[in-house]
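Here the structure of chain H is known, so what remains is to put chain X in place on it, guided by the hints.
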Amino acid sequence: MAEPVATLETYAHLVAASIRSRAQYRLSFALDFVATFVGALSEFLGILVLFHHLPVLGGWSLPEVAFLYGVADVSFALTDMLVGHLDGFGDLIRTGTFDVLLLRPHGSLFQVIASELAVRRLGRVGQAAAVLGFALATAHVVWTPAKVAYLLLTFASGTAIYAGIWIAGASISFWTTEIREVVNAFTYGGSYLASYPINLFGVWLRRFLAFVVPAAFVAYYPCVLILGRADPVAGLPWLGVLSPLVAVATLAAGRLAWQVGVRRYRSTGS
Amino acid sequence: MRAYWELAVTGYRRYATYRGATFAGLFTNTVFGLMKGYILLAVVAGRSRAGGYDAADTLTYVWLVQALLMVAYLWGWNDLAVRIMSGDIVVDLGRPLDLQGAWLAGDLGRAGYHTLFRGLPPFLFAELLFGLRLPADPVLWLAFPVSVVLAAVVSFSIRFVVNLCAFWLLDYRGILNVASLLWTFLCGSVVPLAFLPDGPRAVIEALPFAAMLQVPIDVFLGKHRGLGLIGALAFQAAWALALLGLGRLVLAAGVRRMVVQGG
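Heads up: the protein sequence lines correspond to chains H and X, in order. Just so you know, we're using the numbering used here here: the first sequence kicks off at 1 and counts up by one. Just so you know, we're using the numbering used here here: the second sequence kicks off at 1001 and counts up by one.
The shape of chain H in the complex, shown without the other chains:
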């Protein structure tokens, strides 16, 4: 990874090839797009149903929850598109295909990530953006250039946090491939938790999923900051400022887990 420009070029090449191969199945491609859009929408539909019975959820109004959900989901959708295929990483280990990657002149993590860019999951990004648009139109936020910049930074941090969790989760496959569904509790579970005001959850669940797996820094704390709300969880409404740092740390932790995994990797053999 000594030459970032060359690495980016390689990434672009690999991703373009993966998109071309996927585009061979046009109908499936279109349906996948629709599926991710509709599927993600059903989660938000669930939130709308809750508000049919409630004026506020955990003290948050519908536009505020929609904002939180939108911010969390844009990050999640971007991560899913970039590294979601790590879900299938266990197969590379099980079949021994991973050996091939170790022979090539690029980092193994880079190669696995660059092997696909799931453009069909753009549907989910679209859905998240739609919810966010609804929230921006209805929530009363006084936007300043600093807040807009912070929101964009939040998407980047959120994506990096999820990616770090995902990479760490995929690294488990270096030790065992059978229990990999446990990882879903952290990736999809983290995303589920991040889409709601975390003060809703019981103390220990929220501490674990919010701070150990730092899902609270994806959307909750940034939104508390942007919306100018109080923080009933830790009483620290400014914590969102730390999101970019948490993101860097999470990504580093994921990378470390991967490196430790590669070091102890013994091929399955022929």
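The hints are all genuine.
One side only, chain X facing chain H, incomplete, derived with CB under 7 Å: (1) M1035; (2) V1191; (3) P1197.
Please keep in mind that the hints were generated in silico from the structure rather than gathered at the bench. Only a predicted model underlies this, so the values are computations on that prediction, with no experimental measurement involved. Even for Gly, the Cβ is constructed at its ideal location relative to N, Cα and C.
Frame of chain H; chain X shown alone:
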């Protein structure tokens, strides 16, 4: 009949092999149950009930969903489509067994495994931790297993029909994904269908997807009593028969247009 029984046992064993996967699934399933419980309880916390559900109903609903998710097998079943794509379906058609019946038997064996090892543990966990609403009426303890079996049959018959699209479409994945995401909401796994506004609720409760999950849950919660209980089971049975029938028609149509490429 003996052959179908053996197929069911095989279906059970096929899933019983992967103990680690079962454990991992249980863990994830339980984490989601905990989060979902907190969210939905917020709905009934402010007021005493929503759509006829009180707090105990709501919590029990959450853990029944977690327990029945794998029994109803909402996501990822493409076994039949894979065999159609590869052409292996020809081997299945050549067997002296009814094709739909054979797949149904295997799937019921799988559902049995998932009831015991994916359904009971999270439910018992939540019952010990929170105390759930268990039926007081012995009739419900009889009706619930019947309703779960019917739900498994309805679920199978829907998945069977959707998988058959592989006869017509080269790439079936898109259709399977759209379909399963659609019924995830419509079967009542996201929010109880009783929470919906009256108009959409009436429509969605009449669709077969409700028979996959929401109906057995409401039977357990005692939402259907007396004639209503018989009506609920009849609703499931009627959809099961109708969809199994539809599956046979679609299968026959698919087989007619199938071209076997010999070697």
